[in-house]
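Student: Produce the entire structure from the sequences given, and follow the hints as far as they go.
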Amino acid sequence: MAWFYEHYRDASATGIHTTGLVHAEKSEFQSIAVHETVGHGRLLTLDDMVMLTELDEFVYHDLLTHVPLCVHPNPRAVLVVGGGDGGSVRETLKHPSVERVVQCEIDERVTRVCQEHIPSVAGALDDPRVELVFADATAYVKQHPDSFDAILVDSTEPIGPAAALFAEPFFRDLSAALRPGGVISSQAESPFYAPEVVRELFTSVRKVFAEVHGYYGVVPTYPGGGWVFCLASDTRRPEQADLDRAKALSSRYYSPALASGAFALPPFIAELVE
Numbered sequence: 001m002a003w004f005y006e007h008y009r010d011a012s013a014t015g016i017h018t019t020g021l022v023h024a025e026k027s028e029f030q031s032i033a034v035h036e037t038v039g040h041g042r043l044l045t046l047d048d049m050v051m052l053t054e055l056d057e058f059v060y061h062d063l064l065t066h067v068p069l070c071v072h073p074n075p076r077a078v079l080v081v082g083g084g085d086g087g088s089v090r091e092t093l094k095h096p097s098v099e100r101v102v103q104c105e106i107d108e109r110v111t112r113v114c115q116e117h118i119p120s121v122a123g124a125l126d127d128p129r130v131e132l133v134f135a136d137a138t139a140y141v142k143q144h145p146d147s148f149d150a151i152l153v154d155s156t157e158p159i160g161p162a163a164a165l166f167a168e169p170f171f172r173d174l175s176a177a178l179r180p181g182g183v184i185s186s187q188a189e190s191p192f193y194a195p196e197v198v199r200e201l202f203t204s205v206r207k208v209f210a211e212v213h214g215y216y217g218v219v220p221t222y223p224g225g226g227w228v229f230c231l232a233s234d235t236r237r238p239e240q241a242d243l244d245r246a247k248a249l250s251s252r253y254y255s256p257a258l259a260s261g262a263f264a265l266p267p268f269i270a271e272l273v274e
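Note that the UniProt record's numbering numbers the sequence shown so that position 54 is 54, with each residue one more than the last.
All the pointers check out, no bait thrown in.
Lysine to any residue pairs mimicking SDA-like chemistry, simulated, CA-CA at most 25 Å apart:
1. K207 <-> I269
2. K142 <-> A176
3. K247 <-> S260
4. K207 <-> V197
Bear in mind the hints are in silico, worked out from the structure with no lab data behind them.
Tutor: Written as structure tokens, this is what we have:
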């Protein structure tokens, strides 16, 4: 037995007790590894950063997907930016109105590794409503104006190719790719260890969308535990969530109470997102 440690921004380290390495490789873009653990199920890391564990990935994926999709009255076409593990697609397909999901992931190997080694997360990628696109999302969205009811930005930390997914030009392209009344969500990093990233992302989004709202959840295996998310639209607001649809979802985290409760932010986070 051994321990995997993620060192985050020279500020903290997260340790997870592992029992063995299931898979490891170096793709064109990054190192990919899947570990077996003592108490977290399987662990996916990219460049030695925790992407998910089977223990708590549902919190992250529920918040990223169900919050925007329940706010939209009839989401039919959804784009997932990044999210190569398939968790956001899995949750998106729980919405009966969804007819098409495009997952645009730059690194095909992430998806293929997760399909083989973490099927509890990636199993829904075989659904006929899912289209897998392996490309740079910044280019893809420019080529698909007025195409999606919801766009979910399931990105890694803003370093390397992912840095562009936190910048104002990208959010302008996302706005153009939305149909009227469309919504976006984005993960927005740790309010404890990356407050400057949270603030910069919300500043960028507010330059593009009329309605921008921060919300929050706890993902224990992410640095600091607490994680910020962003909901943005030109027309839709959190209080417009369809509570009947929220109740009908087979969700372990999201609920009608969370439809509003996730937006109740402590002052130190509210200051970052306003």
